[in-house]
Amino acid sequence: MNKPKAVILLSGGLDSFVSLAAAQNNYDIKLALTFDYGQRAADDEIKASKKICEIYNIEHKVIKLPFLGNISNSALNNNDENLEFDNLGINSMKAVWVPNRNGLFLNIAACFCDALGFQYIIFGANKEEAGTFSDNSKEFCATADEFLKYSTLNGVKVLAPLIDLEKFEIINLAIKLNVDLSLLKSCYNSTGKGRHCGVCESCKRLKNAILKSSNKDLIKLFF
Numbered sequence: 001m002n003k004p005k006a007v008i009l010l011s012g013g014l015d016s017f018v019s020l021a022a023a024q025n026n027y028d029i030k031l032a033l034t035f036d037y038g039q040r041a042a043d044d045e046i047k048a049s050k051k052i053c054e055i056y057n058i059e060h061k062v063i064k065l066p067f068l069g070n071i072s073n074s075a076l077n078n079n080d081e082n083l084e085f086d087n088l089g090i091n092s093m094k095a096v097w098v099p100n101r102n103g104l105f106l107n108i109a110a111c112f113c114d115a116l117g118f119q120y121i122i123f124g125a126n127k128e129e130a131g132t133f134s135d136n137s138k139e140f141c142a143t144a145d146e147f148l149k150y151s152t153l154n155g156v157k158v159l160a161p162l163i164d165l166e167k168f169e170i171i172n173l174a175i176k177l178n179v180d181l182s183l184l185k186s187c188y189n190s191t192g193k194g195r196h197c198g199v200c201e202s203c204k205r206l207k208n209a210i211l212k213s214s215n216k217d218l219i220k221l222f223f
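The numbering of the sequence shown is the working numbering, which starts it at 1 and goes up by one.
A portion of the hints provided could be inaccurate.
[Said to hold, decoys possible] Here are the simulated distance ranges between beta carbons:
| # | residue 1 | residue 2 | range |
| --- | --- | --- | --- |
| 1 | G103 | K5 | 16 to 24 Å |
| 2 | L116 | K64 | 28 to 36 Å |
| 3 | P99 | D43 | 21 to 29 Å |
| 4 | N215 | N26 | 19 to 27 Å |
| 5 | F67 | N178 | 34 to 42 Å |
| 6 | D43 | F223 | 15 to 23 Å |
| 7 | K220 | S151 | 41 to 49 Å |
| 8 | K50 | N78 | 22 to 30 Å |
| 9 | F67 | K94 | 15 to 23 Å |
| 10 | G155 | N26 | 31 to 39 Å |
| 11 | L153 | N26 | 18 to 26 Å |
| 12 | F147 | N25 | 24 to 32 Å |
| 13 | K64 | E139 | 15 to 23 Å |
Hints were generated in silico from the structure; no laboratory data involved. In this text, a Cβ means the ideal position worked out from N, Cα and C, and glycines have one as well.
Make a model of the complete structure from these sequences and hints.
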């Protein structure tokens, strides 16, 4: 039986990478999209995503969205080398909010699916981040499905394999699936040294998840 074809939103981070690993057995993931909207970690995210796609034999495209960075006041787009994330109150949703980012990403992926005849967009939404970011929630994914039913000829759907999982459960799933977590880049800040900054919200979530997971030694891969 032919597997349904899919496009994945791939940032090179934990959620998108594990979503890929979780979906690959049941879906034919033909294309990965990585977005460059002027975020501090863009280069690291692109490098990580490219490497992952090479290993999984998936076509990789980088979509540049300079306008999104230009209209965003997010700390993610602040390129001040001396920026201290903690001093920005990075744990606040508003500090790292990029206007309609996930909505835009899903719509761009839907354009590719509609043009290529693919059925699904794989999206790393998860239970933990849904508690802070509304565009990671089940309701968001369901609403996107409803919208895409009208805006695409083949009724593209959003697939979120991690939607019911907390971060530590995502780590445990990655371990179960033998995912090479050394490949990922899950940091808002670009260190330029292949390491994670350890202070941004994404790093804090990753640290906490590893420490609650079944393999706490994974912390050495990143920090």
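Here is how each hint holds up against the structure:
| no. | hint | verdict |
| --- | --- | --- |
| 1 | G103 - K5: 16 to 24 Å | holds, 22 Å |
| 2 | L116 - K64: 28 to 36 Å | violated, 20 Å |
| 3 | P99 - D43: 21 to 29 Å | holds, 22 Å |
| 4 | N215 - N26: 19 to 27 Å | holds, 25 Å |
| 5 | F67 - N178: 34 to 42 Å | holds, 40 Å |
| 6 | D43 - F223: 15 to 23 Å | holds, 20 Å |
| 7 | K220 - S151: 41 to 49 Å | holds, 45 Å |
| 8 | K50 - N78: 22 to 30 Å | holds, 25 Å |
| 9 | F67 - K94: 15 to 23 Å | holds, 20 Å |
| 10 | G155 - N26: 31 to 39 Å | violated, 19 Å |
| 11 | L153 - N26: 18 to 26 Å | holds, 23 Å |
| 12 | F147 - N25: 24 to 32 Å | holds, 28 Å |
| 13 | K64 - E139: 15 to 23 Å | violated, 30 Å |
In this structure, the hints that do not hold are numbers 2, 10 and 13, in rising order.
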